[in-house]
Each structure stands twice: as structure tokens, then as C-alpha cells.
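Respectively, the protein sequence lines represent chains Y and F.
Numbering of the first sequence is given in my numbering, commencing with residue 97 and proceeding in unit increments.
Numbering of the second sequence is given in my numbering, commencing with residue -15 and proceeding in unit increments.
Note that these hints are calculated values from the structure, not bench results.
Computed from a predicted model, the values in this text were never measured in an experiment.
Ideal Cβ positions, reconstructed from N, Cα and C, are used throughout, including at glycine.
One thing to keep in mind: the hints can contain errors.
Some chain F residues near chain Y, calculated using beta-carbon distances under 8 Å [stated by the list, open to error]:
1. V28
2. F34
3. Q60
4. A62
5. V90
6. V124
7. V125
8. K173
9. L174
10. L177
11. V178
Heads up, incomplete: computed chain Y residues facing chain F, CB under 10 Å, no partners named [stated by the list, open to error]:
12. T99
13. D101
14. T104
15. A111
16. R134
17. E138
18. E141
19. L142
20. L145
21. I148
22. A156
23. S165
24. T171
25. Q172
26. A191
27. G195
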Amino acid sequence: MSTMDCLTTQKLLSAMLDGELPSDLTRSVERHLNQCSRCTEEAEELRFLSAIVREAGTRAPVGLGARISCSARDTQQSPASWTAALAAAWPRAAAVLVGAASVALISFPLRSAPSSPVETRTTFNLLAFESQAELDLAGSFGEDFQALARRPEGLLLHILSGGER
Amino acid sequence: MSPQPPRARRTGAEESTTSSEASEDVLDRLRAGDIAALDEIYRVYGDRIFGVCFGILANRADAEDATQEVFLRAFQQAVKFSGKSRYSTWLLRLAANHTLNFAKAVKRRKRVSRALPEDVASPAPDPDHAVIGRERRAAVVRLLQELPPEQRLTLVLREIEGLSYFELSEVLGVPVGTVTSRLIRGREKLRALVTDSESDLLAPG
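I would like the entire structure built from these sequences, with the hints used as guidance.
Here it is as C-alpha cells:
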């Protein structure tokens, strides 16, 4: 296999040191580093940079947890929180009521005016959409990554092009 | 020069007494509005969230306020956690969004008043931190402030939290390619800043 050049190596170093490159690329970068003192020095600087940022982390002060508990308790007891809770619960309660009404219309067709199938489907679609929206909220960010993950060369091309997506 | 091995997100005495993820039972109680569950959530994630907030804001008082706000939101919005991702991912996403907004507000505030010096976190009594002097840590945190907020946040989450690129893409809500670019550019810029700085950052600790 041919040796990687300095430019390519330097673009891949960050991901390589993070352990995010495929193993064959990691080996290629390592082969280049064994032959190139300039890129080796660059890699060492990057590694040291990671270390000093990591060590700059600090711990939460004593007493912050208790302060948060107190605030949460105050929030829970404030009238505003009841208003907010009611406002938050209203769409869900309305959806449940609409759903219950639709079920009642379907279950007792002879005792009420016949409901149109379209309206019934719409009601249930809305209920399903509410649930799907909640699912999407948590899962919507991952598609691009999953596509890239399936095609590692896509990630590589992206790194080499240096483009911000 | 080989890739860094996976590392524990937190080391030290406190981590050994807490698990890295909250249990389902605690999350259920949190959804039900149980304050004791919030305390447990804080015990598990408090240091991590504070570390991220401090890394972004570089000011202890601001980081405390931001951490408090993040946990209050986590409490108030507990029912929004669907369980599709890990709770730590969800909480870090909450922290990332809030802290970025907080940082923008702080920047606006500082435009008005530039007189006050940056606060510096006092080092916690932690043997893991003994390798770096207080002055050097403060200098690194100050230099981090020179990075654009998105690059700073990505770098802090990667280095301090130890998140993988996939986890970063989940927390930040951006594709993994963007994560990669931000890390490359953030490190390039930080390295230039360290090189240009007059402090003795590159000397062994």
C-alpha cells in the first residue's frame, strides 16, 4: 500500500487520535507517522492539547444540588407551575377526549349519527401523529450520521474536503 | 502514535459511588415530579453537566446558574424524555442548547461591561487534577473562550465528557461530518492560540 501524504495525514489525525477512523486508515496514518517527524510532532501536539483541555474540567461546587432541589420545590409549589401544567396537559387531554368521542361514535353507530370514515381516520391519524412526533423529537438527528456510518468512505471524503455540513 | 483508548467519563472518588446512568425507576419518579428523584439525577450527572457548562462559560457563577437551569428544565420536562436515547444524551443535549444560549447572552452582557475580570474555578480536591496547575487550567479555559461557541462546545463535550462522534452528533443534533469538522477546526484554532499565548501552557505540568 502506498504511503499517505502529509496533507491527508494531518486532516485525518484528529479523528485518528479520537479513535474514530476505520482500522485500515488508522494503520495508514500510523505508517506515515513512523516515517515523518513533522506529522509525528503535529500528532503529539494534538494529543497534548486534548490532555490539557480534558484536565481543565472541574467539579460542581458543594451545595449546588441542594440549591437545585429547593428551586425545583419552589417551582412545583408556585401557582405559575399549575397554570403551566394545565397548559401542557391541555392538548393531550383534548386528544384523549376526541379519541374517546370517536370510539363512542364507532361503538354505538345506531344510537348516534353515523360518522364519516374519513373523519374517524383523521382523528386516529392525529392521535398517531402526536405519538410519532414525540418519537421523532428524539430520533430525528441521527439520519445523516447513519447514512455516513453505512458508508465510511462518505465520512472520509467529508474529512478530506474539510467542509462544514 | 496510536488512537487514545476509550476512557471513563469521570474518574475519582465520586464516580465510584454513582452509576453512569440513572435507573428507569428514578426516571419514572422524576416524571411523576418526585424531588428526591431529581436529587438522584443530580448525583449521577451533576459534575458532568457542571463541567460542560464551565467549559463553555468559563465563569463559575454562570456555570452554576446554567447547571441549575438545566436540571430544573430536566425536572419540568421529564415527561418529554421518551427513552429512545440514553438519558445522559438527552440531558447533555438540554445542557448544550441551554449553555450555548447562555453563552450568547453572556457575550451580549460583556459587550456592555468589560471591566470585570474572568472568574476562575477553584480546583476541586481531586488527585486527577493535580497534574495541571491552577494557572494553566485557567489559561486553557480562557483560551477556549476564543473559539466559536459551537466549536468550543463540541471540543468540551469530546475532551471532558469523552463522547464519541456518534454521541456528539446525537447531543448536538448535527451530522457526524459536522462534528468532525468542528473538532478539526477547533483544535487548529486552539493550538494556534496556545502557541501564540505568552503563558507556559506547552510546558509539562
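Index of numbered hints that the structure contradicts, given in increasing order: 1, 4, 5, 8, 10, 12, 13, 14, 16, 26, 27
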